[in-house]
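Chains as they are written, first to last, in the working numbering: chain A, 1 to 501; chain H, 1 to 325.
Everything labelled a hint here was simulated from the structure, so no lab data went into it. Heads up, a few of these hints could be off.
[Stated by the list, open to error] Simulated crosslink set (BS3-like; lysine-lysine; CA at most 27 Å straight-line):
1) Lys139/A x Lys131/H
2) Lys151/H x Lys470/A
3) Lys228/H x Lys310/H
4) Lys151/H x Lys139/A
All values reported here derive from a predicted model rather than from experimental measurement.
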Amino acid sequence: MLNNIFMGFEHILTWYNMGMLLAGTALGILVGALPGLSSPMAMIVLLPLTYSFAGLPALLMMMGAYVGTKLGGSYSAILLRTPGTPAAACTVLDGHPMALQGKAAQALGYATIGSTLGGLLGWLAASLCIPIIAGIAIKSGPADIALIGLAGLVMVSSFVRGSMLKGLIGILLGLLLSTVGLDPQDTTPRMTFGMEELYGGIDFSAALVGFFGIAVVLSDLHRIEEGTARIGEKVGLCLPSLREMRLRWRAIVIGAFYGLFVGAVPGVGAEGSTWLAYATIRKNSKNPESFGTGNPDGILAPESSNNAVTGGTMLPMLTLGLPGDGSTAIMLGALLLHGMTPGITLVRESPEMVYGLLAGLGVAHVFMFLLGTLAIRPYIALLQNDRAWIFPFVLIMAVVGCFAGTNNPFPVFLAVLFGILGYFMESRGFPIPTVVLGVILGPIIEVNLRLALSLSNDDWLVFTDTWPRKIILALILYIVCKEIFLEVKRMRLQPQPNITL
Amino acid sequence: MRIVYRMFAVAALLLSLPVISAAKTDYPAEAIHIIVPWPAGGGTDNIARAFAASLESTVGANVVVDNIVGAGGVTGTLQAARAKSDGYTLLLQGSSDISTVMVFQTPPFTLDDFDFLCAFYSTPTWIVAHKDRGWTDLKSFLDAADKNPGKLTMASATPAGAQLLMVAAVHGYTGGKFRIVPYQGGGPFRKGMLSNEVDAGVVHSPVMLPEVKEGMMRVLAVGSPLDKINYEPLRGTKTLKEMGIPFTVGITRGILLPKNTPPAIRAKLLEACKKAASSPAFAEFGTKFGFNPIWMEGPDFRGLLDEEVKTYREIKEKFVDTQKP
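So that you can see chain A by itself, here it is in the shape it has in the complex:
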């Protein structure tokens, strides 16, 4: 195994390849940091550009972009409360409060170090145990994926700050939005109001840009004339100290663990893993109440997770030709256009490509770290401008992002609608991230649940078939029971419930 990775390094360690990888990473960080533009879009832009290159440098450039967007997304999540990419949505929870406390540079430092270490951990694990992880990933059936998605929803609804009821309403609204469109099994139009545009469902980028981008701009309008990044008197070294990292290694390892495995299961993507990692680290924390107010672990865990995903998605992509998310789907297409046949034969037919890309994944994280550290200060300086300058820019990027995903203006209208809805929900104290979580996990749960039932001839016992399924189900039941118990206890302690609806 190690031999192969070394061979991969041998193939990519040329000035030309390194230049491509570096350029891709820089582009990725930039695209990621722009709200509305996400990783698949960077790939689509690069795809025709790379026709004239040889296969490996072209794919390395895309790999750099893939890795870079994962970090870039956290920048705008922390500073603008608008995640640059779907995978950074979870980083908003603790990243933005920390920035508001005047520790924006530190928050970005945590994001950079979390992304880098998580990505490298995921990369190491992926390179060293290709056969084991790929095996687990392919064996996880639709029933497992549906249960993991459900566990994610339950875990997150239990940590929503403030009213649990409002959190649940948020999640249910998200789930409701995710059911719009053609039914995934019998293609009956659901809640489309006869509009052809809604047949494909609610475009995910429209929901993200609406609920985060536009809604945030609306609710922060009163803060115009303030810079977004209020920085304490001394910026100093933005990266956390080695000693501090020793105390926080758990957040990174948990994040990387979820990222690796969720990434390796085709069709789930980075978005879900960040929430699972966040919920887990919060549950195991001695001080769960500090999450959501700027706890560094709340940045490290999701950022580590969304970068570790890149290691996970490489396995099904390179060994089976299966895309783990939108970006790897485009990379698979690029492989074909560069004369390679993705699938189980790729490792044998083009080992230099497979191991070169794996080696490139590791190097891309080093580049990302260097570029990220350099980029923090100029980025903050830029965002110290008055919001009156930044908001129009955010809105433009939001519109461009919505449009570019499908080349169709309809999602832009949806985003504006969601922006207004999000504004009112937020001003009434509904936690917006729960809505987005529902939109993310809803289709994953629904499609896999129904597929599992379809395969088992509507036998619900398929969900307790195997030991992993029993364990996940037990975990879900445990969390639900615990939450009910805690809620009852709280109500007893407070005979007069605090009605603030």
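With chain A's structure known, arrange chain H on it following the hints.
What follows is chain H alone, placed relative to chain A:
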């Protein structure tokens, strides 16, 4: 201040340059856009991008692929139907993809909204199964289904498409005692097949071809002849027709133009497309992709679609609508 005026003057001059050059030269004077109504990275998109790269040199202009995605291909197709008929907007669609839209939905366009230019790629739809299941052909699968009624499953790669019609046709014509499992597209379908969670599955070839070559998957039957495939052992695979199932299914990809494109432009495009389809670069793509390109001109392509819509509608009314509660 004068320098500012001067800069404005230069800027205005620069901006007007494309207009001037466009007025002077013949078609094509600017970039040609190929609308692909499917996401980047999929089968149709790959073919489109490879074809665009070849067309670029034969037509003498930049060729850009625009993925206009949504509503099962309707959004992009509609946009092409409504585009100017000036030869700068082309639509690359697959026959089965349009036919199933016409059959399963009531789209805001008809086949008459397009000029059919040509088709250059045709891949049959096939039934594959994991070798561990042990079926050697469709008959052995159906026999096993008869022995265990309601136990075996056959997947369709899409919930409403040519693949589903093929499963439904096999199910209906043979009275097969298996269940139909619709998947959400090529990615999930491939995962389901590789993890061996479903007994057999229907998908457009050449999906799963590398696995078939490896001996991990077997092809049980095919919707139309496999004579263009770049893999000798599969050329003789039995078609549904040869097995007594009167249904032909496959996907032929070609170029459609908005209605009333001027004949001169059509002729020029047709010639460029013909050269691109027979170019060595596109043939090389075909070798990797699994199939050799074909050549079919507009009227034939249109005839194929008319025929497809007719038979697809029959199959749907006969075997799909009757299944729904």
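Now for the hints, and whether the structure bears them out:
{"no.": "1", "hint": "Lys139/A x Lys131/H", "in the structure": "17 Å, holds"}
{"no.": "2", "hint": "Lys151/H x Lys470/A", "in the structure": "24 Å, holds"}
{"no.": "3", "hint": "Lys228/H x Lys310/H", "in the structure": "25 Å, holds"}
{"no.": "4", "hint": "Lys151/H x Lys139/A", "in the structure": "21 Å, holds"}
Hint check: no violations occur; every hint is consistent with the structure.
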